[in-house]
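Chemist: Chain E: place on chain F using the hints.
There are 2 protein chains.
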Amino acid sequence: MSEASAVRVIGLWPSPFVIRVLIALKLKGVEYEFVEEVVGRKSELLLRSNPVHKKIPVLLHNGKPISESLIIVQYIDEVWSAAAPAILPADPYTRAVQRFWAQYIDDKFPSAIRTLRGTDAGDKDQAAEQLSAALAALEGGLLKLGQGKHYFGEDSVGYLDIALVSHVGWLKAVEKMTGVALLDEAKVPNLVAWADRLCAHPAVVDAIPDADKFVEFSVMHGSFSKNYSPTKQDLHSLTKQDLTVVPTERSGPAA
Amino acid sequence: MSEASAVRVIGLWPSPFVIRVLIALKLKGVEYEFVEEVVGRKSELLLRSNPVHKKIPVLLHNGKPISESLIIVQYIDEVWSAAAPAILPADPYTRAVQRFWAQYIDDKFPSAIRTLRGTDAGDKDQAAEQLSAALAALEGGLLKLGQGKHYFGEDSVGYLDIALVSHVGWLKAVEKMTGVALLDEAKVPNLVAWADRLCAHPAVVDAIPDADKFVEFSVMHGSFSKNYSPTKQDLHSLTKQDLTVVPTERSGPAA
Numbered sequence: 001m002s003e004a005s006a007v008r009v010i011g012l013w014p015s016p017f018v019i020r021v022l023i024a025l026k027l028k029g030v031e032y033e034f035v036e037e038v039v040g041r042k043s044e045l046l047l048r049s050n051p052v053h054k055k056i057p058v059l060l061h062n063g064k065p066i067s068e069s070l071i072i073v074q075y076i077d078e079v080w081s082a083a084a085p086a087i088l089p090a091d092p093y094t095r096a097v098q099r100f101w102a103q104y105i106d107d108k109f110p111s112a113i114r115t116l117r118g119t120d121a122g123d124k125d126q127a128a129e130q131l132s133a134a135l136a137a138l139e140g141g142l143l144k145l146g147q148g149k150h151y152f153g154e155d156s157v158g159y160l161d162i163a164l165v166s167h168v169g170w171l172k173a174v175e176k177m178t179g180v181a182l183l184d185e186a187k188v189p190n191l192v193a194w195a196d197r198l199c200a201h202p203a204v205v206d207a208i209p210d211a212d213k214f215v216e217f218s219v220m221h222g223s224f225s226k227n228y229s230p231t232k233q234d235l236h237s238l239t240k241q242d243l244t245v246v247p248t249e250r251s252g253p254a255a
Numbered sequence: 001m002s003e004a005s006a007v008r009v010i011g012l013w014p015s016p017f018v019i020r021v022l023i024a025l026k027l028k029g030v031e032y033e034f035v036e037e038v039v040g041r042k043s044e045l046l047l048r049s050n051p052v053h054k055k056i057p058v059l060l061h062n063g064k065p066i067s068e069s070l071i072i073v074q075y076i077d078e079v080w081s082a083a084a085p086a087i088l089p090a091d092p093y094t095r096a097v098q099r100f101w102a103q104y105i106d107d108k109f110p111s112a113i114r115t116l117r118g119t120d121a122g123d124k125d126q127a128a129e130q131l132s133a134a135l136a137a138l139e140g141g142l143l144k145l146g147q148g149k150h151y152f153g154e155d156s157v158g159y160l161d162i163a164l165v166s167h168v169g170w171l172k173a174v175e176k177m178t179g180v181a182l183l184d185e186a187k188v189p190n191l192v193a194w195a196d197r198l199c200a201h202p203a204v205v206d207a208i209p210d211a212d213k214f215v216e217f218s219v220m221h222g223s224f225s226k227n228y229s230p231t232k233q234d235l236h237s238l239t240k241q242d243l244t245v246v247p248t249e250r251s252g253p254a255a
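Which chain is which? The protein sequence lines are F and E, in order.
Residue 1 is where the first sequence starts when you use full-length UniProt numbering, and the numbers rise one by one after that.
Residue 1 is where the second sequence starts when you use full-length UniProt numbering, and the numbers rise one by one after that.
One chain only, chain F, in its complex shape:
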């Protein structure tokens, strides 16, 4: 870890909010250093960089800290504005629509996913229903905004794509953990095709590991559904790193 790195990201790989920042930096071709937190502990650097919320991710740019994932994504777009592609669309109305849906995603997804993972208390059926309704709304939005384009209204990966795809890893993981169908081809076919396309995109593919990795993370940190029993197959690919994180406190994704 070098204090001299111009761009550093403080985070944990399974956080959808951290994933957003990594995708935005990759899209812009910005080199960065990933400063990994230890699960269940908050580093002195994190506490100093985000004293208000004490949450990941934090982007450190020439030592100056920026917090809150969607604010960081906008910051990256504005600072590296010359680097194609633009993340926010140019048209103010399309920007407003994308910001609206990004906010909608943060209202609906994180709490419901945490409930399905078992990290938050709550009614799992209700959480699954909330997620299905939100995905159906976004399927409608995708059709309306996409108009035959590959992404949410644009020809390149943009703000709303980043806001939503960041949750796909956990969506697929909670499908495995609970048996609930969320990214269901029968209900949201366009969203399923969009997710497949986006997860294979060069700026996204490394930021979102397989669903199994998210399941393993849940298993390791005691925050998976009580209805889910991991099999040997689920656990066989645990890495050394997974086994050395400190499981003293559940540290879910943080905005």
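None of these hints come from the bench; they were simulated from the model.
In this text, a Cβ means the ideal position worked out from N, Cα and C, and glycines have one as well.
It cannot be assumed that every hint is accurate.
EDC-like, lysine to aspartate or glutamate: derived pairs with alpha carbons at most 20 Å apart [unchecked claim]:
1) F:Lys54 <-> E:Asp91
2) E:Lys108 <-> F:Asp91
3) F:Lys172 <-> F:Asp125
4) F:Lys28 <-> E:Asp91
5) E:Lys28 <-> F:Asp91
6) F:Lys55 <-> F:Asp107
7) E:Lys64 <-> E:Asp91
Distance windows between CB atoms, simulated [said to hold, decoys possible]:
8) E:Ser156 <-> F:Met220: 49 to 59 Å
9) F:Asp184 <-> E:His150: 49 to 59 Å
10) E:Asp155 <-> F:Asn62: 21 to 31 Å
11) F:Val38 <-> E:Asp120: 44 to 54 Å
12) F:Asp210 <-> E:Ala186: 53 to 63 Å
13) E:Glu33 <-> F:Gly40: 52 to 62 Å
14) F:Val38 <-> E:Leu143: 49 to 59 Å
15) E:Lys144 <-> F:Gly40: 27 to 37 Å
From the structure, some residues in chain E lie toward chain F, with a derived Cβ separation under 8 Å [what the hints assert, rightly or not]:
16) Tyr32
17) Val52
18) Glu68
19) Tyr75
20) Glu78
21) Pro89
22) Pro92
23) Tyr93
24) Arg95
25) Arg99
26) Ala137
27) Val180
28) Leu183
Modeler: Just chain E now, kept in the frame of chain F:
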């Protein structure tokens, strides 16, 4: 009400989120038509314009609806970018900092104010504590960002000023209703001076009526503190309009 108006705002005057939109339009010198909702009812126009959240404010620009107050303020800044002053600062880092604090305000203020007003259940002492802590944090932010300037880091009224001043009417009203000191000169002197300065600003003065008007609104709509007994003095200035709103449902401010 004219369908042909280029800019219309669907709202209710006591909503801090509506107040933000009115200040931003006034700052930019944009003429608009105010389409007032009836308390406790949601107009067909509102339901059609914001089918996802069904909440005020909605900005209709040439018939196209934009929802969520801070998104609307950014939209106004972007569409009328040639009209001085800029609402968002030019520097990406300062923009990120203002966005961070604006989000902080929306996390901390609305729910605590609703609890103190009596529109939401909850512990009033805890709500007052939360507000005092948030105001103290913002006092620190104001000193750091302001650096001798009149507003939050800028020489003209900007994004963070709008996000915060929109709550001043209700802050002063709940002080009267509950006896809790919030904008307290002993604790947050710079913020008190800032609020006085901002509330007298030509773009703000008409958008935020006296605290008494907010108290009257609470009285009329059955959502004031049980510990508060309005006096004749409090009630003497009720307008005819106040008396004809439909009090069948409490309709608090909505984002």
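Chemist: All the hints need checking, so say for each whether the structure fits it.
Modeler: Against the structure, the hints:
no. : hint                              : in the structure
1   : F:Lys54 <-> E:Asp91               : violated (25 Å)
2   : E:Lys108 <-> F:Asp91              : violated (31 Å)
3   : F:Lys172 <-> F:Asp125             : holds (16 Å)
4   : F:Lys28 <-> E:Asp91               : holds (19 Å)
5   : E:Lys28 <-> F:Asp91               : holds (19 Å)
6   : F:Lys55 <-> F:Asp107              : holds (17 Å)
7   : E:Lys64 <-> E:Asp91               : violated (29 Å)
8   : E:Ser156 <-> F:Met220: 49 to 59 Å : holds (52 Å)
9   : F:Asp184 <-> E:His150: 49 to 59 Å : holds (54 Å)
10  : E:Asp155 <-> F:Asn62: 21 to 31 Å  : holds (25 Å)
11  : F:Val38 <-> E:Asp120: 44 to 54 Å  : violated (38 Å)
12  : F:Asp210 <-> E:Ala186: 53 to 63 Å : holds (57 Å)
13  : E:Glu33 <-> F:Gly40: 52 to 62 Å   : holds (55 Å)
14  : F:Val38 <-> E:Leu143: 49 to 59 Å  : violated (34 Å)
15  : E:Lys144 <-> F:Gly40: 27 to 37 Å  : holds (31 Å)
16  : Tyr32                             : violated (16 Å)
17  : Val52                             : holds (7 Å)
18  : Glu68                             : holds (6 Å)
19  : Tyr75                             : holds (4 Å)
20  : Glu78                             : holds (4 Å)
21  : Pro89                             : violated (11 Å)
22  : Pro92                             : holds (4 Å)
23  : Tyr93                             : holds (6 Å)
24  : Arg95                             : holds (7 Å)
25  : Arg99                             : holds (5 Å)
26  : Ala137                            : holds (7 Å)
27  : Val180                            : violated (23 Å)
28  : Leu183                            : violated (21 Å)
When each numbered hint is compared with the structure, violations occur for hints 1, 2, 7, 11, 14, 16, 21, 27 and 28.
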